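K.L.:
This note's numbering puts the sequence shown at residues 4 to 447.
Hints may be right or wrong, so weigh each one.
Here are the simulated EDC-like pairs of lysine to aspartate or glutamate, each with C-alpha atoms no more than 16 angstroms apart in a straight line [said to hold, decoys possible]: (1) Lys267 / Glu311; (2) Lys79 / Glu179; (3) Lys105 / Glu227; (4) Lys409 / Asp421; (5) Lys383 / Asp421; (6) Lys383 / Glu29; (7) Lys79 / Glu99; (8) Lys263 / Asp299; (9) Lys347 / Glu235; (10) Lys6 / Glu104; (11) Lys182 / Asp312; (12) Lys267 / Glu314; (13) Lys112 / Glu89; (14) Lys409 / Asp434; (15) Lys263 / Glu314; (16) Lys383 / Glu224; (17) Lys6 / Asp421; (18) Lys86 / Asp73; (19) Lys416 / Glu29; (20) Lys383 / Glu227; (21) Lys232 / Glu99; (22) Lys6 / Asp74.
Think of the hints as simulated: they come from the structure by calculation, not from any bench. Computed from a prediction, not measured in an experiment: that's the story for all the values here.
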Amino acid sequence: MRKITQINVTKLFGIFNHIIPLNNEEHITIIHGLNGFGKTTLLRMLNGIFHHRYSELRSIPFSEFSINFDDGSTLKVTQSIKKNEEQPRLEFSLRESGLEEKNIILEPKDFPEENFSRSIIAIIEKYIPEITRISWTKWIYLPTNEELSLEDILERFCNLLPIKSNPLLKKEQWFEDFKKTINVRFIESQRLLSFSDDPRLQVNGRRQPLMVPSVSTYSRELAESIQSKLAEYGELSRTLERTFPSRIIQQKSPGLSEAKIHQKLAEIEQENSRLIKAGLVDTDNPLDFSVEENMDETIKNILFVYIEDVEKKLQIFSELVNKIELFQKIINERFSYKKMQISKEHGFTFIGEDNKPLSPAKLSSGEQHELVLLYELLFKVPSNSLILIDEPELSFHVAWQVQFLKDLQDIIKLANFDILIATHSPDIINDRWDLTVELKAPTP
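The whole structure should be built from the sequences, with the hints applied where relevant.
P.N.:
Okay, here's the thing in structure tokens:
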């Protein structure tokens, strides 16, 4: 995957010229500045380029927006308005080392008009079943909970639609291929509510989007992730059990000492305890590791195969348990008078000081903001991504803001991605001004 090394914009809102080098070594870059200087807008523009939101780029006045990558390539977007036209054109150009420059131009006529939209709504809903209409020209894309306009849908899914006249079909494949080499995720300031894609929410056999607290959606998602891993664990267990006798017969002496075997069994027991604590394994079905001190070669062979099998099965949970442990650690350090619990049935839930259950949706707005941010970063973002976070300080107590960068650093060590933050808060920055880029007014 490519990494973005620098972002440049000229004449943003007709005024500002910003240069933003990214701190790829530290993996965290923070942009700050006065209101109206373009912090959130820059995140929206980046997200728009890599998620087919070109109509959003047309709505933001700028002259040139360029992105430099670690392999020396540069992607540039130029906006211009021709005489006698009200809407701008967009030109995308890509320069790669040793290759000819590639270009795409989207003219104002390339975006759908209202009369065009009325004629294709039925086609859209037939060929893209994952979307649900919430107004005449607005849809929810259920896999990501994004709200999409008609322009967004035609830009993103035009290859799925049998509309020969759609001018956006002229997009070159090289542009789509290039964008797949950079994974960008935008965590917006409005993150406490999201559309649920729960299949139980149906009207006349059709899923209906319902705006619900994001923490409720994510709690259900975590439960589903745990159940999926348990199903994978069960399937592997059945496969290994069927072949266990034959593998014992075929097993040659492993050459392990009794001490090494006992060490490995102790490590497995410790790992199994971690899984129980993280809510991934039932406490009423513990592994039995009691083994006699003196073993002959037959017992050693049996135990060697057994140990290998258990290690393979526990490996299924390795990534998930690391994330759950960090998730619980940060939340339980931050939240007062309540503790997070994890289970395969409910995902994450909370217990108050009175030992009564507390629904995530009943938490304060600050606590929900913390939960949503951490969950998105730990469980919804693939490695080697660039994460855009707008105003992480929302509803956070000052003490939480001061700890935020430390939490991010712990998550980055585990998940391996880069983060670009837009913030107003000096407490988020704390003592790490070396990670910041200030958006400044133009020099007179």
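K.L.:
Decide, hint by hint, whether the structure agrees.
P.N.:
So, going through the hints one by one against the coordinates:
no.	hint	result
1	Lys267 / Glu311	10 angstroms, holds
2	Lys79 / Glu179	15 angstroms, holds
3	Lys105 / Glu227	43 angstroms, violated
4	Lys409 / Asp421	14 angstroms, holds
5	Lys383 / Asp421	14 angstroms, holds
6	Lys383 / Glu29	21 angstroms, violated
7	Lys79 / Glu99	12 angstroms, holds
8	Lys263 / Asp299	14 angstroms, holds
9	Lys347 / Glu235	14 angstroms, holds
10	Lys6 / Glu104	20 angstroms, violated
11	Lys182 / Asp312	41 angstroms, violated
12	Lys267 / Glu314	9 angstroms, holds
13	Lys112 / Glu89	11 angstroms, holds
14	Lys409 / Asp434	11 angstroms, holds
15	Lys263 / Glu314	15 angstroms, holds
16	Lys383 / Glu224	10 angstroms, holds
17	Lys6 / Asp421	9 angstroms, holds
18	Lys86 / Asp73	38 angstroms, violated
19	Lys416 / Glu29	11 angstroms, holds
20	Lys383 / Glu227	13 angstroms, holds
21	Lys232 / Glu99	41 angstroms, violated
22	Lys6 / Asp74	8 angstroms, holds
Violated hints, listed in ascending order, are 3, 6, 10, 11, 18 and 21; each of the other numbered hints is respected by the structure.
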